[in-house]
Amino acid sequence: MRIQVLGSVRAWLGDDEPVELTSAGQRAVLGLLALAGGQAVTRPELIDSLWGDEPPASAVNVLQTYVKHLRRRLEPGRPSRSRSALLPHIGDGYALRVTADTLDLLCFRQLSAQAAVARREGDDHRAAALLEQALRQWQGAPLADVPQLAGHPKVIAVAAERSAALARFGELKIALGEVEEALPALAEAVAAQPLDEAGQARLIRAYAAAGRRADAFEAYHAARRRLADELGVDPGPELRAAHDTVLHDTVPHEATPVVPRRRVPAQLPADVPDFVGRGDELTHLDALLDVNTVLISALSGTAGVGKTALAVRWAHRARARFPDGQLYINLRGYDVERPVQAGEALARFLRALGVPGQDVPLDADERADRYRSLLDGRRMLIVLDNAASVAQVRPLLPGTPGCLTLVTSRDGLPGLVARHGARRLDLDLLPHTDAVLLLRRLIGPRCDDDTAATDELAERCARLPLALRVAAELALARPSVPLRQLAGELADERRRLTMLDAGGDPETGVRAVFSFSYRQLPEAAARAFRLLGLHPGPDVEPYAAAALFGAPVAHARDLLEALAGAHLVQRSAVGRYTLHDLLRAYASELAFLDGDETGTTRLLDAWLFTARTAMDTLHPAERDRHASLGTPPSPIAPVGEPMTAQVWLDEERANLAAAVAHAAAHGHPAHAVRLTVTLLRYLEGGGHVAEAVAMHTYARAAAQLTGDTGAEARLLNNLALVYSQQGRFAQAAEHLRAAIDLARRCGDHEEEARALGNLGHVDSWLGRYDDAAARLGEALALCRRTGNRPGEARVLGNLGQIYRRQGRHADADRHLRESVVLCRGISDHIGEAYALVSLGHVAAGQGRLEDASDCHLAALRLFRRSTERGGEALALDGLGTAELALGDPSGFDRLLQALAIFRRLGERAGEAQAGNSIGEAHAAAGRHDAAREAHTAALSVAREIGDRYEQARAHGGLAAAHTDRAASDEHRRAALALYLEIGAPQQASIFS
35 MRIQVLGSVR AWLGDDEPVE LTSAGQRAVL GLLALAGGQA VTRPELIDSL
85 WGDEPPASAV NVLQTYVKHL RRRLEPGRPS RSRSALLPHI GDGYALRVTA
135 DTLDLLCFRQ LSAQAAVARR EGDDHRAAAL LEQALRQWQG APLADVPQLA
185 GHPKVIAVAA ERSAALARFG ELKIALGEVE EALPALAEAV AAQPLDEAGQ
235 ARLIRAYAAA GRRADAFEAY HAARRRLADE LGVDPGPELR AAHDTVLHDT
285 VPHEATPVVP RRRVPAQLPA DVPDFVGRGD ELTHLDALLD VNTVLISALS
335 GTAGVGKTAL AVRWAHRARA RFPDGQLYIN LRGYDVERPV QAGEALARFL
385 RALGVPGQDV PLDADERADR YRSLLDGRRM LIVLDNAASV AQVRPLLPGT
435 PGCLTLVTSR DGLPGLVARH GARRLDLDLL PHTDAVLLLR RLIGPRCDDD
485 TAATDELAER CARLPLALRV AAELALARPS VPLRQLAGEL ADERRRLTML
535 DAGGDPETGV RAVFSFSYRQ LPEAAARAFR LLGLHPGPDV EPYAAAALFG
585 APVAHARDLL EALAGAHLVQ RSAVGRYTLH DLLRAYASEL AFLDGDETGT
635 TRLLDAWLFT ARTAMDTLHP AERDRHASLG TPPSPIAPVG EPMTAQVWLD
685 EERANLAAAV AHAAAHGHPA HAVRLTVTLL RYLEGGGHVA EAVAMHTYAR
735 AAAQLTGDTG AEARLLNNLA LVYSQQGRFA QAAEHLRAAI DLARRCGDHE
785 EEARALGNLG HVDSWLGRYD DAAARLGEAL ALCRRTGNRP GEARVLGNLG
835 QIYRRQGRHA DADRHLRESV VLCRGISDHI GEAYALVSLG HVAAGQGRLE
885 DASDCHLAAL RLFRRSTERG GEALALDGLG TAELALGDPS GFDRLLQALA
935 IFRRLGERAG EAQAGNSIGE AHAAAGRHDA AREAHTAALS VAREIGDRYE
985 QARAHGGLAA AHTDRAASDE HRRAALALYL EIGAPQQASI FS
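Residue numbering for the sequence shown follows our numbering, beginning at 35 and increasing consecutively.
In short, the hints are calculated from the structure, not lab data.
Treat the hints loosely; a few may be bogus.
Pairwise CB distance ranges, derived in the manner of DEER restraints [what the hints assert, rightly or not]:
hint: 1; residue 1: Glu675; residue 2: Ser1002; range: 18 to 28 Å
hint: 2; residue 1: Asp399; residue 2: Val855; range: 44 to 54 Å
hint: 3; residue 1: Asp403; residue 2: Ala58; range: 52 to 62 Å
hint: 4; residue 1: Asp278; residue 2: Glu557; range: 36 to 46 Å
hint: 5; residue 1: Ala1011; residue 2: Thr665; range: 54 to 64 Å
hint: 6; residue 1: Leu663; residue 2: Gly629; range: 26 to 36 Å
Just so you know, even glycine gets a beta-carbon here, dropped at the ideal spot from N, CA and C.
Let's have the full structure, built from the sequences with the hints guiding it.
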């Protein structure tokens, strides 16, 4: 007998007689007992695992029934009423009596232990071989077909054992000098534990040792972003050291052991220093911890009253009660320029919860559904800071108990209370004694020297913590000025503002402090503060500040530090600064009164030039395709190396998105369009789909406003590419038809040809090969007529791909070779690589497997040199298939790498293709169950996006893998019908 739990739960009697485990409950019980490793599992433990906090009244009887059926199926020869030797009743529970010969988990552990002994004895070759054998026991995630146990601690622990084994295997391969063989294992280990810095460092060093510096840099930046997004930390010394080795081309030979890291988001800002008072409010919030419902607490109060400080202080105090993590976002609800929309906030939260950027749904409602699904069953704290309305908050609310949502707002949010049962807490001004205590903590003994002046100063600041902190900084900056004089000056300032505003509300006190503090600044710092009111993004770094201020970078950095010292800006991350929304609004008012808009133009110019330079660094072959840009007078961030270019783009992405929105709405339409067009490759290649759609939407509006139909055509073309990548072919086709019409109206033949070619691509994905060939034929004629050689090369490559799928190998070969020659002539290495991939498929279809392997390998090298990850995945898919056909088992790892890349990029068509390739590889090796799983998954994706070729291919694979004759025949008929329908007669002939 054999039992499998490392993958779907299965069992066999003898060598190959499968045991029917049709009930999910039976599989769950068998899996739980197997994971216990022979130890007894009590009935309460089993019931809790199966049903959680709400077991049915019949839970014990149902469990006994599951066990009875398992005994019957697994011990068919056991006499009735005799004691079970395999699944005995022990105490108040059951145990599974198996050995390493009968249970894959025990076999995996035994082989892993033997590998550890071999390594201690210095026999690395044997250790690697044993670990490789151990890893072969795995056919998927543990208990893969029992989804309700995916989060069970024992399931998670067993998955972690595999990750550790993968890491050890990778280390051994590196030590043996077999770096290329180590990479798939290390990459898979990192994918399973993405916050493991030691694992990331190992992978980076391995990439460097294999000469794949671009991959090493990409791995580092991906890890860096994830650490920032999910844990709010920078890379540790080990990860930074690995990065330094890549920069200096020095690769150490010893690997560092794995250091486990916490895998939950921890996004809370730093706790507020010198926090005082609010004892009653903290007690009120503490009482919420004992409520087991969907809980929302709304903190409301005037601007500057300390809502955020209280929320963050309590969140840090209570974080231990939320073991699944804490989410935080500043919604910037009262930012007149650009409040954070609910959809944008959802995208950030989904990424923090582990959803890759490319998998974040485009539709806001779909994002909300995914968000609530991910929160289900978790105990998390969600802090929604600075909300303006219930509409901004509602989509961010969890749907099930276990999570607590803390909302801060200047508004009382009555709809949140009435409709969602929020517990409202109105925050008043600080009591006088607490306001004085805060001043004493911040200023020191001078407060004790003149208590009356301290009392007056507290009242002049309206007892608002924000104003009190700014006033305290003023006092510290002027140590010789008595507090009584400072309080008097603030009184004069307040009278002036009251007369101007006809107000008298607490905010006037804040503005008085702001105004007085601003007037104490040196002129250069005051001007810098005003100009920061023009910055559209959430934070600012010294190079952007230098452009805004029209100053050298060092001087800009000094000005930012001076403003931070005056508490007029806040330091956020290393080298980055933010403004409280009140201060931002005040700075914007000053900038408006000043009337100097040149800072905005300088900033947009600098961002555009830096973005173009960064993209040229990452994609040098495309430098000549852009219109030239004049070098701006402002200093430019260093983006001449791939690593620094990628870092700048990642760190400035939110600012660049805000810049496009601002430029489109405030009289800079050309900047909105050019910045968006420049960043397309970065956005789509990095899976930043939400940002890509938002930026193109704003830029298109700008183009329409100015009547720039050529720009609008290009933006529609770009949007279509993003939608195609997501498998939204209907939307892509709609945009492309509009782009063709616009391009024809304005006589932009290059954009017309590009749109025709892209529409042909969409037709190809949908299996409309005749339509695709017709579109591409139009595009080819247009390119040749206008001398557009880059466009001609790409169209020839796409036509070759169509002909290949139609079985017209000679036509395909001719077009593809012509494309390769053209691409080489114009140094279009990416286009050349795509053509080589298709040539490889043509060669494989003709039985020339060595030629196929050579083509795919050449393409792979070109793609890796240019960091074209989607193309790399295509080449890996073709190369892996060719290598397997040639008898090289390492080809299977190539297929797994391809699938991982496609999923990371969100390229759904590629995911279906690689999934089918993996299914065919499993089938060729006799692993029919695994083949069915792979083809079923590929079929699901292909149906979802409408890719009929991959649907047909999946049906064909399922026909071959099914042991059930009726099911096999049904899939065979489906494959034949689809192949005939899309015009692929050669493939259809296989099933006729």
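Status of the hints after comparison with the structure:
no.: 1; hint: Glu675 / Ser1002: 18 to 28 Å; result: 55 Å, violated
no.: 2; hint: Asp399 / Val855: 44 to 54 Å; result: 49 Å, holds
no.: 3; hint: Asp403 / Ala58: 52 to 62 Å; result: 24 Å, violated
no.: 4; hint: Asp278 / Glu557: 36 to 46 Å; result: 42 Å, holds
no.: 5; hint: Ala1011 / Thr665: 54 to 64 Å; result: 60 Å, holds
no.: 6; hint: Leu663 / Gly629: 26 to 36 Å; result: 27 Å, holds
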